[in-house]
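One line per chain: the protein sequences are A and B, in this order. Per our numbering, residue 1 is the first one in the first sequence, and the count goes up by one each step. Per our numbering, residue 1 is the first one in the second sequence, and the count goes up by one each step.
Don't read these hints as lab results, they were simulated from the structure. Check before you lean on any hint, since a few could be wrong.
For identical chains, the list gives no copy identity; a pair is met inside one copy or between any two copies.
Unchecked claim - Calculated lysine to any residue pairs in the SDA-like style (CA-CA distance at most 25 Å, straight line):
1. Lys124 / Ala139
2. Lys124 / His30
3. Lys124 / Ser135
4. Lys124 / Gly65
5. Lys41 / Pro17
6. Lys41 / Tyr55
7. Lys44 / Gly98
8. Lys124 / Cys137
9. Lys124 / Ala140
10. Lys124 / Glu71
11. Lys124 / Cys97
Residues per chain, in single letters:
Protein chains: 2
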Amino acid sequence: MAQAEAICAAGAQRLTPIRRRVLEALLASHAPLGAYELIEKLGKRGARPAPITIYRALDFLRDNGLVHRIESRNAFIACGHNHNSTDPVVFLICERCGSVGEAAGSPVADTIRSAARAAGFTPKTPVIEITGVCSHCRAA
Amino acid sequence: MAQAEAICAAGAQRLTPIRRRVLEALLASHAPLGAYELIEKLGKRGARPAPITIYRALDFLRDNGLVHRIESRNAFIACGHNHNSTDPVVFLICERCGSVGEAAGSPVADTIRSAARAAGFTPKTPVIEITGVCSHCRAA
DNA sequence: CTCATTCTTGTTGCAGCGCAACATTTATTT
DNA sequence: AAATAAATGTTGCGCTGCAACAAGAATGAG
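Could you put the whole structure together from the sequences, leaning on the hints where they help?
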């Protein structure tokens, strides 16, 4: 959270109350949240924000690398590390409990980059989503 | 297409006219198609199928490994190779022209598997989507 | 300090996505 | 030929995501 403030300050970006509350809700959740789940969470303390309000806050947070979108779930998650924009992110999505972890992505990124370049492809955003079963659910 | 028939025959699965036409439409397209694009394409020759009809056909084709869903686009694409269900698939999605290519995934899969296991995670469906710029668009 | 500019938020509305639930038809089995 | 299973049709609806415009709040220039 303090990191979020630092990032925004560094870029002269404004972490407004709405944006802050969206980020707080995502930080408080171990699983990714959909836009309408965020509406409900924020709506419990005050007026229900319109969908577009949430999407705009999410756009802002994503532009600043504080939030990632989980494509396979149409949901969003706060990003703990402060990634370089060029660094890859590997998400490990548990298909049972829905929790999302992050794996160190450097070695994975290298092989992906080489595979992509072998096909004449210039990769841009190495955001990799791997579904499976997390250690906790596997034990159960 | 012949391969599709072979796969269905092997599993005692029925490649009905609707399923066949959906697959043909996807095979004829170099870019992934959304469900509603498929409706329009099939609607030009006969009655417009309902959305659910398309989704059911797509479910069938996906279950049989003939079609993949591109999560980041909410669209579907025919799968050329006959993957093992355990083999990974790496899609190279051009953000300019929308075309989708496949990269050889074996080396990528190994690094992903090891990275995932290091986190105590059991990966299941290594379907990896990489966005970027394809060689054709890069030249232009 | 005031005005213009920019950024942010509110309001309204809509199109695409995806499927649930049930009814009907078609194919397969006994 | 009847029972069972599979596929398709029909209706309907909730979620996703954003466009377009209006209004309010913050910043910078003069």
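Inset, instruction - Run the structure past the numbered hints and jot down the numbers of the failing ones, going up. - result: Result: no hint breaks.
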